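Chemist: Listed below, chain by chain, are the residues.
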Amino acid sequence: MSKSQVKQKEAAGEAEAQRPIVNDFTLVVATVNGSGSQTSNLALVRAFFRMGIPVCGKNLFPSNIQGLPTWYTIRVNAKGYTANKLKADLLVAMNMATFRDDLQDLKQGGVCFYDDRLAEPADRPDVIFYPIPLRDLVNEADPPKQLREYVANMAYVGVLTEILQIDNEEIRSALDTHFGGRETSVALNMKMIDLAASWARDNLPKRDPYRVERMPRDEEHLLVDGNTAAALGAIYGGVTVASWYPITPASSLAETLEYYLPHLRSDPETGKATYAVVQAEDELAAIGMAVGAGWVGARAMTSTSGPGISLMSEFAGLAFIAEIPIVIWDVQRMGPSTGLPTRTSQGDVLILRFLSHGDTRHTLLIPAAPHECFEFGWRAFDLAERFQTPVFVLSDLDLGMNQWVSKPFQYPDVDMDRGKVLSAEDLEKLGDFGRYRDIDGDGIAPRTLPGTDHPLAAFFTRGTGHDERAIYSEKAQDWDANIERLWRKLENVRDALPAPVVQRMDHADVGIIAFGSTDPAILEAREYLSDEGLATDYLRIRAIPFSETVEDFIQEHEVVYVVEMNTDGQMHQLLQLEWPALATKLVSLTKNNGVPLDADWTFEAVRSAEEQRHER
Amino acid sequence: MAACYELSIQPENVIKISGIGCSSKSPTYFMGRSHGFNAVHGRMPSIATGASIANRSLKTIGVSGDGDTASIGIGQFIHLMRRNVPMVYIIENNGVYGLTKGQFSATADQGQKLKKMGVNPFMPIDLCMEALIANCGFVARSFAGDPKQVKELLKSALNFQGTAVLDIISPCVTFNNRDESTKSYSWGIEHEYPLHDVTWVPSYDEIEMEIEPGEIVEVELHNKSRLVLKKLEHNHDTSDRLAAMQLLEETCCAEILATGLIYLNQNQETFQSVENLVDKPLARLQQDALRPSKEALEEIMADFR
Numbered sequence: 001m002s003k004s005q006v007k008q009k010e011a012a013g014e015a016e017a018q019r020p021i022v023n024d025f026t027l028v029v030a031t032v033n034g035s036g037s038q039t040s041n042l043a044l045v046r047a048f049f050r051m052g053i054p055v056c057g058k059n060l061f062p063s064n065i066q067g068l069p070t071w072y073t074i075r076v077n078a079k080g081y082t083a084n085k086l087k088a089d090l091l092v093a094m095n096m097a098t099f100r101d102d103l104q105d106l107k108q109g110g111v112c113f114y115d116d117r118l119a120e121p122a123d124r125p126d127v128i129f130y131p132i133p134l135r136d137l138v139n140e141a142d143p144p145k146q147l148r149e150y151v152a153n154m155a156y157v158g159v160l161t162e163i164l165q166i167d168n169e170e171i172r173s174a175l176d177t178h179f180g181g182r183e184t185s186v187a188l189n190m191k192m193i194d195l196a197a198s199w200a201r202d203n204l205p206k207r208d209p210y211r212v213e214r215m216p217r218d219e220e221h222l223l224v225d226g227n228t229a230a231a232l233g234a235i236y237g238g239v240t241v242a243s244w245y246p247i248t249p250a251s252s253l254a255e256t257l258e259y260y261l262p263h264l265r266s267d268p269e270t271g272k273a274t275y276a277v278v279q280a281e282d283e284l285a286a287i288g289m290a291v292g293a294g295w296v297g298a299r300a301m302t303s304t305s306g307p308g309i310s311l312m313s314e315f316a317g318l319a320f321i322a323e324i325p326i327v328i329w330d331v332q333r334m335g336p337s338t339g340l341p342t343r344t345s346q347g348d349v350l351i352l353r354f355l356s357h358g359d360t361r362h363t364l365l366i367p368a369a370p371h372e373c374f375e376f377g378w379r380a381f382d383l384a385e386r387f388q389t390p391v392f393v394l395s396d397l398d399l400g401m402n403q404w405v406s407k408p409f410q411y412p413d414v415d416m417d418r419g420k421v422l423s424a425e426d427l428e429k430l431g432d433f434g435r436y437r438d439i440d441g442d443g444i445a446p447r448t449l450p451g452t453d454h455p456l457a458a459f460f461t462r463g464t465g466h467d468e469r470a471i472y473s474e475k476a477q478d479w480d481a482n483i484e485r486l487w488r489k490l491e492n493v494r495d496a497l498p499a500p501v502v503q504r505m506d507h508a509d510v511g512i513i514a515f516g517s518t519d520p521a522i523l524e525a526r527e528y529l530s531d532e533g534l535a536t537d538y539l540r541i542r543a544i545p546f547s548e549t550v551e552d553f554i555q556e557h558e559v560v561y562v563v564e565m566n567t568d569g570q571m572h573q574l575l576q577l578e579w580p581a582l583a584t585k586l587v588s589l590t591k592n593n594g595v596p597l598d599a600d601w602t603f604e605a606v607r608s609a610e611e612q613r614h615e616r
Numbered sequence: 001m002a003a004c005y006e007l008s009i010q011p012e013n014v015i016k017i018s019g020i021g022c023s024s025k026s027p028t029y030f031m032g033r034s035h036g037f038n039a040v041h042g043r044m045p046s047i048a049t050g051a052s053i054a055n056r057s058l059k060t061i062g063v064s065g066d067g068d069t070a071s072i073g074i075g076q077f078i079h080l081m082r083r084n085v086p087m088v089y090i091i092e093n094n095g096v097y098g099l100t101k102g103q104f105s106a107t108a109d110q111g112q113k114l115k116k117m118g119v120n121p122f123m124p125i126d127l128c129m130e131a132l133i134a135n136c137g138f139v140a141r142s143f144a145g146d147p148k149q150v151k152e153l154l155k156s157a158l159n160f161q162g163t164a165v166l167d168i169i170s171p172c173v174t175f176n177n178r179d180e181s182t183k184s185y186s187w188g189i190e191h192e193y194p195l196h197d198v199t200w201v202p203s204y205d206e207i208e209m210e211i212e213p214g215e216i217v218e219v220e221l222h223n224k225s226r227l228v229l230k231k232l233e234h235n236h237d238t239s240d241r242l243a244a245m246q247l248l249e250e251t252c253c254a255e256i257l258a259t260g261l262i263y264l265n266q267n268q269e270t271f272q273s274v275e276n277l278v279d280k281p282l283a284r285l286q287q288d289a290l291r292p293s294k295e296a297l298e299e300i301m302a303d304f305r
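Chains as they are written, first to last, in this note's numbering: chain Y, 1 to 616; chain G, 1 to 305.
Some hints here could point you the wrong way.
To be verified - Output of the computed footprint for chain G on chain Y, the stretches with three or more beta carbons under 8 Å from beta carbons of chain G:
#: 1; region: 216-222
#: 2; region: 231-238
#: 3; region: 286-296
#: 4; region: 310-322
#: 5; region: 412-423
#: 6; region: 442-456
#: 7; region: 460-468
Hints were generated in silico from the structure; no laboratory data involved.
If you're wondering where the values come from, they're calculated on a predicted model, not measured in any experiment.
Cβ atoms here follow ideal geometry from the backbone N, Cα and C, with glycine treated the same way.
Construct the entire structure; sequences and hints are all you get.
Modeler: In structure tokens:
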């Protein structure tokens, strides 16, 4: 590019800067892990949310307690597109170590707020720089010494409030929520914010086009993360025993159980617990306790991530073949091994479907938003007890730990399904009992719970071969008969699972299949594709085994792109296994580097795949 | 099982849990009217923990072996005792892997010879010592060749309210029964050294024993039944944890199989009590107790708006 071209481009940039861009930008806050910027970032997200603007807040954090770089991405978008964006429009640069790199990720003509102790780089003449005299502002606010660093983060909130025209009252109310109404904390932080805002008003003439504006707000909507929603779903599903072992990004799910259960599930008369949450010594014990509890009839669950799933493999096989209801949440992260422990992925699809050795096929639920985490949280128990099988719920770090605008949680609309459990009276009437005997042809054999007061109730649970009376057997015909019944049972699971969500456009020959947290990126990419004249239909898988709707969807389209965040296209492979005759219609598009899927990549991937297809 | 019969424990209220191995097959041989669970190798304690917390009214009996407990399951064994899960944990200890046909286990003697494996170079793990270190409140050792003592200890264990560990030296006649092995039948017969004469007495019985004063120690268990320990030649104080460790160390060095109740401590909270559970078994709770109200959900959601 010649110098004159650069000049022209700059001029164009300046001209564009004059046109206001309202409620549509991505803001990245670059800080140091452990510096307490989370409060500031959440206050911003919550203020946007309460101004009625669709927003998401994603924390890209290192596997580290304190000291490494952290980025918090806030995207506001009036149309509701809140997927990840790779290039930011606005940058708040608070980390000296990453300043230059962070600037590289700022889009052409972007805006940079920075601590004025950092040196303004010369190589980004296109960027609009706003230096903030952070130290002076903090000195002026003069917070207590031990809170200095935390309060300092409020300075950029104050400057942003002024420059982006964020409603000051919503910032205050966000902090009020954050600090649970503790007025001194709110006042301390608001002092810093107001001071910084006032300084910006006097010293920073606005040169950029970005600002926010209040929108009509859907009062029903929630700002919440998926793990919180999942924990509440489990509580409303009547979880009684939850055993877990700390692991990022699943820990907050169990911690949220611990937070809400004492209030929601203590006996009103005695104050005693109708639940037990047990922090186990490892994931082997975590699932073992859940299996023990599920066996005696409790609604039992565990929550973990990939490494924990690997350890749970043996017990998952036992629970499957011994037909013990348990619920297992897998909040996925990058693997294999320690991988990128604080980054998101969808890499556990295949391992969960077949977890354990020999013949296993597990039931999976796949939520894509917090309200679905809540719903699948309680439904999972009904399915597990009805079908007497482990039910896995597949979430991921992006969905589990980041802030999403969600539909409200729907109170369960059906009574709990406790499955086929025989009481002493039932046994008396039956006169005979075989634990694995199919009485009514659906493959589900009624069970008895330990402690049932009847001489016929007892049976011996085992992972070894057994006949229909649960007696040890190595006979080939007993094994065959049991597997035949088991597979018949699992075939019936299909229709009881959440149906796929299908969204169509007129005259679309092209289909897209995806699942889980990529949903916002897919929806946004489809609009870009449509703008380019490419209509697409979209099917979002919400459960495995697959519904027949998925087969019909593949049939109906010339080509179906299966978009997912793992390298080998695991969902693509499962679909091909399920319908080999349709395999050639399925094209795998994958991206897996720890960063949540974005619409630009998705758009480009589908567009160029389409181009190639038409060239052939 | 005679002990349960004598205690009139209703079999329907008992669960028998095991891991994998020869020992783990035992639960199929007794009390056919009790639910049983042959779990995975070394993981019986976690199943027992989950089952016990989910239904506190069940009497849990775990049966394990030295491979199951001292090797693959040592972690879960320790953590079970740490939580004081109410159950009887029986180890059928023979110092050898039988089901896989004769490998050394972690309780095998140093220098012990096995046909297939040669000489064992490693020091053994003493499971009673591990139990003491893990603060287990009921630690006992017995010998399969002394069925009377086994039965009395078992009855005592079944009346203990926390985790009760009973390490029973149980010779494997197929793979580890050479006379020089401390897990052999003949060695046990010759070297057994009962610490005391143990008798368990139900709460409603008078003690019927001819005794000299000062010769017995009587301990009341939480359910008012009693343990009567009649002193033999050794004067072992079962309430002294350090003395119990010393006893194990000394008798091991002297190549003596000390049997009986090694340690008893009833002052530790059980897991159920720590978890502050309702009296009704969690597994029996229904929707009315398990599903909070719609209003409560509305209140929670208000915090997210």
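Chemist: All hints are to be evaluated individually against the structure, with a verdict given for each.
Modeler: Each hint, compared with the structure:
Only residues whose beta carbon comes within less than 8 Å of a beta carbon in chain G count, and the region 216-222 of chain Y has 3; three or more means the coverage holds. Check on the region 231-238 of chain Y: 5 of its residues sit with their Cβ under 8 Å from a Cβ of chain G, so the three-residue criterion for coverage holds. Residue count for the region 286-296 of chain Y with a Cβ under 8 Å from a Cβ of chain G: 11. That meets the three needed, and the coverage hint holds. For the region 310-322 of chain Y, the stated coverage by chain G is satisfied: 3 residues place a CB nearer than 8 Å to a CB of that chain, which reaches the threshold of 3.
Counting residues of the region 412-423 of chain Y whose beta carbon lies closer than 8 Å to any beta carbon of chain G gives 4, which meets the minimum of three for the stated coverage. For the region 442-456 of chain Y, the proposed coverage by chain G is satisfied: 8 residues have a C-beta within less than 8 Å of a C-beta in that chain, meeting the threshold of three. Counting residues of the region 460-468 of chain Y whose C-beta lies closer than 8 Å to any C-beta of chain G gives 5; at least three are required, and the coverage claim holds.
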